[in-house]
Amino acid sequence: MSRTHVVRHTTTVKAPAERCHTLIADLDAWPQHFAPAVHAEILERRDDGAELVRRWAVTGPSSVHTWDAWRRLESGRRIALDQVEPEAPLASMRATWTFETTAPGTTEVVVTHEFALRDDAPDDAVHAIGAELDGRTPGQLESLRRTAEAWEELEPRVISFEDPLFIAGRLEDVYEFLYAADKWPDRVPHVTKLNLTEDTPGVQFFDMHTHTPDGREHTTRSVRICLPQHKIVYKQIGLPALLDAHTGHWVFVETPEGVVAHARHTATIKPSALSLLGEGTTVADARKYLRRVLSTNSLQTLRYAQQFAEERARADAA
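Following the UniProt record's numbering, the numbering of the sequence shown begins with 1 at its first residue and continues without gaps.
I should point out that these hints are in silico values taken from the structure, not numbers from a laboratory.
Hints may contain errors.
Straight-line distance between alpha carbons at most 30 Å, and here's what the computed DSS-like set of lysine-lysine pairs gives [stated by the list, open to error]:
#1 LYS231 with LYS288
#2 LYS270 with LYS14
#3 LYS288 with LYS270
#4 LYS231 with LYS193
#5 LYS231 with LYS183
#6 LYS231 with LYS270
#7 LYS270 with LYS193
#8 LYS288 with LYS193
#9 LYS193 with LYS183
Ranges between beta-carbon positions, derived for each pair [claimed, not checked]:
#10 ARG78 with PRO138: 17 to 23 Å
#11 THR212 with TRP151: 26 to 32 Å
#12 TRP70 with ASP214: 45 to 51 Å
#13 ASP47 with PRO256: 29 to 35 Å
#14 ASP123 with THR212: 54 to 60 Å
What you are looking at is a predicted structure, and each value in this text was computed from that prediction instead of being measured.
Don't be surprised by glycine CBs; every beta carbon is placed ideally from N, CA and C.
Work out the full structure: start from the sequences and follow the hints.
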């Protein structure tokens, strides 16, 4: 194994260190605030506090990178991540985030990457990996800075809610309906057109044309991570004009009587687009609008999934 190489990136954030640390430590919040992030799951927790985390991030117009890392939330607001079986030419990769208060309400955030190469790594590997880190890490730090510094203004613009629906059918049938989004134009009235690709099993990209209950038409592009019989996570990467971010999931909980399916949305309102809803529209007005239209559409989709699964259950029982 070759020697360890170190790459550091730093930014100054005019926000408290605790807020900066929380934004990085909160895995669920990453997709909402960091553009490439799609999803993260904790796969395992050890007695020493380490967590095995799996992450999914967009790396191109139709590609997602997935990797596992052991994460430790260490004392002194320090977060360390050690990749599990990093891809060649890497032999090891560790990322460490530190958050130091340099003045009241000001934090220096440092991201340190330490990596070693395999013996057969090409001659330009150090330069290539350094360039990749230089291309990615400053964007993460800038997203953190913008989010942390604008938190008081941002928080009211983020609406998050979940709608459950009981379905007297089999979990696999409910999952099948929501997984097969390419069939929605024939099954779900508010979806008028949908083009889907799935080059990697369980990773879907699609362009969808929909209309809201008030007749507005939207075209969005989404990426979905499909975890069979458990969860389908999505993130809109081509957003409607009203939103700065939109993420969510479908979660399936089996019960003795059937399945409870949960539709979750988290949306960030774009303040410069409020006038799209009419002159004088406020953030509070936009929250009410989004709660109504997003909930209506997702519950409508769930009700068609309910019909699909319950018809199959009745046919099986006949």
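Practice item. Determine whether the Cβ-Cβ distance between ARG78 and PRO138 falls within the hinted range of 17 to 23 Å. Key: 20 Å, holds
**Study point:** Restraint check for LYS288 with LYS193, where alpha carbons must lie at most 30 Å apart
**Key:** 27 Å, holds
Check your understanding: Taking the beta carbons of ASP47 and PRO256, is their distance inside 29 to 35 Å?
Key -> For ASP47 and PRO256 the Cβ distance comes to about 33 Å; the hint holds.
Exercise for review: Given the hint that LYS231 pairs with LYS270, test it: the Cα-Cα distance must not exceed 30 Å.
Suggested key: 28 Å, holds
**Study point:** Range hint 54 to 60 Å (beta carbons of ASP123 and THR212) holds or violated
**Key:** With Cβ atoms ~56 Å apart, the hint holds.
Review point. Is LYS231 close enough to LYS193, meaning Cα to Cα at most 30 Å?
Key: 24 Å, holds
Point to revise | Satisfaction of hint between LYS193 and LYS270, Cα-Cα up to 30 Å | key: 25 Å, holds
Exercise for review: Would you mind confirming whether the straight-line C-alpha gap from LYS193 to LYS183 stays at or under 30 Å?
Suggested key: 9 Å, holds
**Study point:** Agreement of LYS231 and LYS183 with the hint, judged by alpha carbon distance not exceeding 30 Å
**Key:** At roughly 19 Å apart (the allowed maximum being 30 Å), LYS183 and LYS231 satisfy the hint.
Practice item. Check the following: the C-beta atoms of THR212 and TRP151 are separated by a distance inside 26 to 32 Å. Key: Because 29 Å falls inside the window, the suggested range holds.
Check your understanding: Holds or violated: LYS288 with LYS270, Cα cutoff 30 Å?
Key -> It holds: about 14 Å lies between the C-alpha atoms, which stays within 30 Å.
Review point. Lying within 45 to 51 Å: is that true of the beta-carbon distance TRP70 to ASP214?
Key: With Cβ atoms ~48 Å apart, the hint holds.
The structure fails none of the hints (numbered hints given earlier).
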